[in-house]
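Each chain, letter by letter, is given below.
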Amino acid sequence: MKSKTSLFVAGTMLVNGLLISQLTHAATVEFWTAQTQTDRLQNIELLASTFEALNDGVTVKVVAVDENEMATQMAAAVAAGTTPQLIEVNSEIIMTLGEEGIVDTKTHQGVIKDIGKNRFHKGALTTLTSPSGDYYGLPYHGWIQGIWYRKDWFDEKGLAAPNTWENIETAAKALTDKANNQYGILVGTKQDSYTEQVFTQLALSNNASEFDAKGNLVFNSPATLETIKYYKELAKYNPPGPQNWRARDYYLQGKMGMFFYSTYIMDDLALAEVAKGSLSSENFKELSGGTFDPELVKNTAFAPIITHKSAASYGTLSGLVALKTKSAEDTKATKDFIEFMYDPASYITFLHMAPGGMNPMLKGIAEDPAYLEDPNGVFKLYGADKMKQIVSGFDDIRSFSVVKGKTFPASGAIFAKSVIPRMIYDVTIEGKDPQAALDSAEAEMKAIMGE
Amino acid sequence: MSSVLIKNESRLGLKLVAPAVGIIGLLVIYPILFNIYLSFFDVQLNGTKTFVGMENYTDLLGNPRYFHSIGVSVIYLIGTVVGTTVLGLAAAILMNQEFRFRNLARGLILLPYFAPVISVVFGWQFIFDPVNGIYNHVVVDVLHLTDTRENLIGNPDSALFVVILFDIWKHFPIAYLLFLAKLQSVPKDLYEAAAIDGQNAWGRFWHVTLPELRFVIATVVLLRIIWNLNRFEDVYLLAPNVETLPIFTYYQAFAGIVDQGVAAAISVIQLLVLVGLIWLYVRKVLKW
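Chains as they are written, first to last, in the working numbering: chain V, 1 to 451; chain Y, 1001 to 1288.
It cannot be assumed that every hint is accurate.
[As the list claims (entries may be wrong)] Not everything, but these chain Y residues come out facing chain V in the computed CB check (under 7 angstroms): (1) Pro1112; (2) Val1131; (3) Tyr1135; (4) Asp1147; (5) Arg1149; (6) Asn1151; (7) Gly1154; (8) Asn1155; (9) Pro1156; (10) Ile1226.
To be clear, the hints were calculated from the coordinates, so they are not data collected in a lab. In this text, a Cβ means the ideal position worked out from N, Cα and C, and glycines have one as well.
Using the sequences provided together with the hints, build the complete structure.
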């Protein structure tokens, strides 16, 4: 008798267990973010936990993947059948992944319908639209690039703001004093994306482009060649050897006159604490003891627009990308999570991780009082008008991949293969002839497009 | 022995080696064959394969950067293999002498080999940083040897030599360890006999130490060639602009979207080169 009872109990428990697990059939959203810094990750984890608390049975797994590794890691995950449900990454990689046929454009369509197409900044949405009108990703945050410079040094030497090719070169030359370890400018000369970003802005201001409106490759042009030669001139006033964005620390040390950088620098410049943290963490060990110049914000000015043949502002954006999954529950949960991430409360929490660096892609957010109250007080320092002006740039963002409202995803593949950074490296560091470097870059671009 | 017994024995033998053959087949032979198969295709991320024949190979062999990277690899191999062997041998002979604190010194020599690559790479980068590094500080500001700051790691002319120097420094302890172990087993009377025959220190090294060490040296050289032909992390972390063969492979096939077909073609060629090199070395140099 006793054994029968226990058997019955065990049986009931088993059935109940099965039932419960059926009811709470877990949907999973594996979310790969390009935000690898610990404090940002903690913030995203917090958002994920909030979403989990609001949605029973959904698990959000946040994974940090370095932006430069994202495409490679995705390839490995897809090959292994462990594709994440959602990723956050820059537009070039989004366009490349879109062309690989692994993106869930239906979910994107649904989200845009729910939120309202008109609420997105137009240029931002266009950047992520495929030639056939599908959305390869959803714009989430973006930055604008420009030249940040020592206003006090410029005034002292009577230099004009670095907003034209002539002004930039003159100032770079005047501020360089290599014998005293002083450098005029920082342009990227390593084979990485920073180099491409700097080059793109200069090229756009010279009306050079990768594609014409019909999609023909027109990179090998006199305008591009002229830009490369100009770039080589500027690189003379760089700190020695190949450099990338990390060398911005030389500016914070007072050893450099100006540097190309995104609005991400705003909080670094604004707060001595932030800058100190940035200096001592992953960058240069011996800088940790360096003293921070509290006057640096006051003495720094920003030139976002560079003019030569035309005025060019340059920026890029990151988006959320839902990937194709086999499970309908996962797809539904992913869509819900994306919409949760666009909810003003969570959206602003996310953007505040890098005030100035991460700018909203939905209209209205930048004017939201909650948005202007960032925890570090950065926006107060720069003022609401300046913020609005920066964000409005995303209605008219320029890049190599968008020509007259049409998007050419091949540009993303070219970006992913670092063709332009390697060309610049060859010219500035290896001393290769600009035309020869341009010819081989063009050949590589053709090879990539032919694939 | 009866024929039945022999048959049974060989059957048992087959059963005994079967698991090993199976594992090697699954983990080594199958990937190699699949790799060769892939090298004839253009592979998309979603698994779609398009047959392209020899195109991956012709593209590769038509790329001047490929041959440049082979040249860089050869210099890198010669520099590092000779460097680690000579330095390892010198250290081993030194550490085989009696002196105070010998055990401490023997331990300290191993440190570079034990330290994690990433931390020592960053250490080297800090040392050679063009603006803040101690190297430029000493050479330019303290000793006034020159007034131009050099980026020795970044500059392509010097980067290869910094990378070779780094590898020698990091890996000579393993050579040293193997040499020292063998040196300790060389009988003392051989040296005494040589001394009686009138050999000086150099003669004893040449006629006793070297012949005794011959096979260990050969093994060290062989291991170093295999390791360094495939070495990626040290070079890539320290100076990614030094394009040895593995770095070239990485840029060509794995940077950005993985080009699995091209990657497969490169690794097939690299496998052939490695097998060929080892065969040549074992047969012609070692005469095993």
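Each hint tested on the structure:
no. : hint    : verdict
1   : Pro1112 : 19 angstroms, violated
2   : Val1131 : 5 angstroms, holds
3   : Tyr1135 : 12 angstroms, violated
4   : Asp1147 : 5 angstroms, holds
5   : Arg1149 : 5 angstroms, holds
6   : Asn1151 : 2 angstroms, holds
7   : Gly1154 : 3 angstroms, holds
8   : Asn1155 : 5 angstroms, holds
9   : Pro1156 : 6 angstroms, holds
10  : Ile1226 : 25 angstroms, violated
Going through the hint list in order, the structure does not satisfy hints 1, 3 and 10.
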